[in-house]
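Using the hints provided, position chain B relative to the given structure of chain A.
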Amino acid sequence: MTDNLLDVTETILDITLFISFIAISLSLILLLIRMLKGPTNPDRAVALDTIGINLMGVAALLAIYLITPNLNDVILLIAILAFLGTVAIAKYLEKGVIIDRDMD
Amino acid sequence: MYKPNDLILRTTTSLIAFILLGFAVYLLFAGHNSPGGGFIGGLVTAAAIVLMYMAYGIETVDKVLPINFETLISIGLITAIVTGLGSFLFDVPFLSHTFDYFEFPIFGEVELATAMLFDIGVYFTVVGVTVTIILNIANDQ
Chain A
1 MTDNLLDVTE TILDITLFIS FIAISLSLIL LLIRMLKGPT NPDRAVALDT
51 IGINLMGVAA LLAIYLITPN LNDVILLIAI LAFLGTVAIA KYLEKGVIID
101 RDMD
Chain B
1 MYKPNDLILR TTTSLIAFIL LGFAVYLLFA GHNSPGGGFI GGLVTAAAIV
51 LMYMAYGIET VDKVLPINFE TLISIGLITA IVTGLGSFLF DVPFLSHTFD
101 YFEFPIFGEV ELATAMLFDI GVYFTVVGVT VTIILNIAND Q
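If you read the sequences in order, they're chains A and B. Take the first sequence: its letter number 6 is residue 6 in my numbering, and every next letter is one higher. Take the second sequence: its letter number 74 is residue 74 in my numbering, and every next letter is one higher.
Hints listed in this document are in silico derivations from the structure and should not be mistaken for laboratory results. Computed from a predicted model, the values in this text were never measured in an experiment. Do not rely on the hints blindly, as some may be mistaken.
Unchecked claim - As a list, the in silico DSSO-like pairs of lysine-lysine whose alpha-carbon atoms are at most 27 Å apart:
id, chain 1, residue 1, chain 2, residue 2
1, A, 37, A, 95
2, A, 91, A, 37
3, B, 63, A, 95
4, B, 63, A, 91
This is chain A alone, in the form it adopts within the complex (with noise of 0.2 Å):
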């Protein structure tokens, strides 16, 4: 009973993990679409800071199959180079400078 009970968890976290694979791929597609079309840079700015988040996604389910806790640090560490990137990005597109001598 509970060996069935762990087949049927398995096979359903297996049809998980593909269907949220595909959606992720697709999404990503999309945003490829729209990073490549984007008439203006904030578009394309705004799709790559979401590739990003989509990026950690893949991460995650890669850790949960490949069964392994390893993959932690990297999800923390894609958030924190999207964001600091989006930054820099927004900061060039307002500004033109990225760090600034002095804020006046």
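Chain B alone, transformed into the frame defined by chain A:
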């Protein structure tokens, strides 16, 4: 040139920079038994410092963090070399590392390895190199 209002960016930065520094220290000390180590810890610290530079400008952060990042490179390299030379005191080859178990009041028994000191040298070097590169590019006219 109009004056932008950076209130949200600055408030977020002062919160996130501390989280980043804590994450960097975690990565530095977790490097022995799990992913992490001096290199990635130094990069995350540099990311926190660069985030502060982006939000507050060079002059303010230079006042808050009076660190010469070029000196930090030398400090890191000297730390790494001294940990290697220290093995000569015990009559073993260069860069031999050892470890031992110590009792601490709160943490209990902790394994301390001399490889940690080498990692701290790597950490300082990476922080110094990364921030020096980015600041030199930013100061370019």
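Hints, one by one, checked against the model:
1. Distance hint between residue 37/A and residue 95/A is fulfilled; the C-alpha atoms sit about 24 Å from each other, no more than 27 Å.
2. For the suggested pair residue 91/A and residue 37/A, the alpha carbons sit about 22 Å apart, so the restraint of at most 27 Å is met.
3. Distance hint between residue 63/B and residue 95/A is fulfilled; the C-alpha atoms sit about 23 Å from each other, no more than 27 Å.
4. Distance restraint check for residue 63/B and residue 91/A: the Cα-Cα separation of roughly 22 Å lies within the 27 Å cut-off, and the hinted pair is therefore satisfied.
In terms of the numbered hints stated before, the structure departs from none.
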